[in-house]
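Chains as they are written, first to last, in this note's numbering: chain S, 1 to 287; chain D, 1 to 349.
Among these hints, one or two may not hold up.
Stated by the list, open to error - Partial selection, computed: residues in chain S whose CB lies under 8 Å from chain D: (1) V62; (2) V66; (3) N84; (4) R85; (5) L87; (6) F99; (7) A104; (8) A178; (9) M181; (10) I183; (11) F226.
These are calculated hints, taken from the structure and not from any lab test.
None of the values given here were measured: they were computed from a predicted structure.
Backbone N, C-alpha and C fix where the C-beta goes; we use that ideal spot for every residue, glycine too.
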Amino acid sequence: MIWLDTLVQGILLGGLYALFAAGLSLVFGIMRLVNLAHGDLIIFAAYLVLLGVTLLGLSPWVAALVAMPVMFALGWLLQAAVLNRVLGKDILPPLLVTFGLSVALQNGLLEVFSADSRRIPVGALEGASLDLGLVTVGIMPLMTFASAIVMIVALNGLFYHTALGRAFRATSDDAVTAGLMGIEPKRIFAIATGIAMVVVTLAALYLGMRANFDPSIGPARLIYAFEAVIIGGLGSLWGTLAGGIIIGVAQTFGAALNPEWQILTGHIAFLAVMLLKPRGLFPRAVD
Amino acid sequence: MYRLTTRTRAGTATAIAVPIFIAAALALPAVTSRGVIQDLFFILTMLTLAQIWNLLAGYGGLVSVGQQAFVGIGAYAIFTGVILLDWNPVVAILLGGLAALLLAVPTAFFAFRLQGAYFAIGTWVIVEVTRLLVAQWKSLGGGTGTSLPREATSNIMGTDAIRALFGVREAGARDILAYWLALVLVVAVTGGIYWLLRSRLGLALAAVRDNVEAAQSVGVDAGRLKWAVFLIAAAATGLTGALIFLQTARISPEAAFAVTDWTAYVIFIVVIGGIGTIEGPIVGVLVFFALRSALADYGSWYLMTLGLAAIAVMLFAPKGLWGLISARSGLHLFPVRRRLAGPKIEGGN
């Protein structure tokens, strides 16, 4: 029974990784930009939510709702003022700019919030669990997973059933031709990064409520997110969820064998998929 | 009558000045304190790492954020050689290069499967795997690390002669030896890269960087070229890592595979100095060291400043400080560009 339990925990953990990955996947899909500061932006958003809870006395959910428009604005600004200037055929400038941002964010957070690990308080919900007969699952992991599914459905709806989504897809396919049709690619990019930051805030909320965080853990979240995206195959959000689940299951099984192996088995699962299916399990985009 | 040349007047001046500079640097321990030698060791090793990363990213188009894998494995290889195999530390440095070369083969195999920008994070995953595996290695201290034993560090070849020559203590002699080795390494790496860029391989590299399809159409094997550059860079990084940790004499997975020390600093040095030139990293490491000395007391503000400075440079002066200097003055100290030289055409300019 312990293995079934481990499997379920791993699948639910995959929901968190899918939340980490969705923003990265969105931005890459639309503008071919790999944001190396993605993990640090998640941690930044987690501190923002924490501030809402501790300074304003809001509940974590309300604090996240307040943080979302703030993060949208910051994402929009980041894209419009900085990243749009360096996007181009050469992949070097955007990579180096986001790498610089990653280091600057990490150390800025360290200076403001210190290296102490923090947690977003959620009260009774933290330890609550649900007995499903065969296995007992925590309410918090369950909510994370449900949120990941809701978010994927919502993002897919946005992509395939709205005018904005059509503009996203058109820009992704061919920014120049999209421009001829009256779409302003740079404006589309800024909105896309803004939306990615809203997703980042949701990921940050669950990250902060489920476990301790400190300014240094961003890069590791970036790596999990990246692995989930690559395993799933570029361009498919459901694939990203599958990728997250594979990493999550590998990690919980690794941890069950030896706690020191948790992170390692996740990476090894990623390398194994890369070996067998270099383009991921469900590739949609051709890149 | 006409011929292709890379020679410039400044380049000739450099060719004369460099040997004088090297000779002076070799003699320097006679007149300076141990602190200066240690600072110079730091500058030279960072410069070596910066030149190597510049070769990868600036010339090869391979933006790796995982070079700390090769620093770390090189460091662990020298400790393996000294502690487990009882090798002489100076000889064991070569083991660092070999280990990095071996690690580079599977790394390249996986990372080259990732297109463009994803290559960067792919290299980072390999670092994490290597670091976590090394941390499991109990005979070299596992997650907490270990130190070089005293008997191993006390009888390094050459230190007795250095003690007699300069009248320094044993630890001072070890620093001088490490400094000389760093000097040899930085000259070899910079010289090697300079030679590479002026050779056929360098021409092919520039062609691939500028236009892959066009380069392939004239017979350049872009895939093989990427492999060659990546493996050369890995081996050189491994040697540097081994030397750095020979001088530190203490190792841990956190320190040996540190992304800040061996990749972030290195990237900032290259970006601020000027990517894609040999002069750039030299300017960059000087700026980096000056900033480090000035902001040493401000902890993380220093790193934050470096990060923001790198962003500002990419936005406003993508060719870095050296790019600004050479655009104003037309100066190329290490010319690699091929120009047509010959008699002036009648009536032409």
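Evaluation of the provided hints:
| no. | hint | verdict |
| --- | --- | --- |
| 1 | V62 | violated, 31 Å |
| 2 | V66 | violated, 26 Å |
| 3 | N84 | violated, 11 Å |
| 4 | R85 | holds, 6 Å |
| 5 | L87 | violated, 11 Å |
| 6 | F99 | holds, 6 Å |
| 7 | A104 | holds, 3 Å |
| 8 | A178 | violated, 21 Å |
| 9 | M181 | violated, 26 Å |
| 10 | I183 | violated, 23 Å |
| 11 | F226 | holds, 4 Å |
Taken one by one, the earlier hints fail for this structure at numbers 1, 2, 3, 5, 8, 9 and 10, listed in ascending order.
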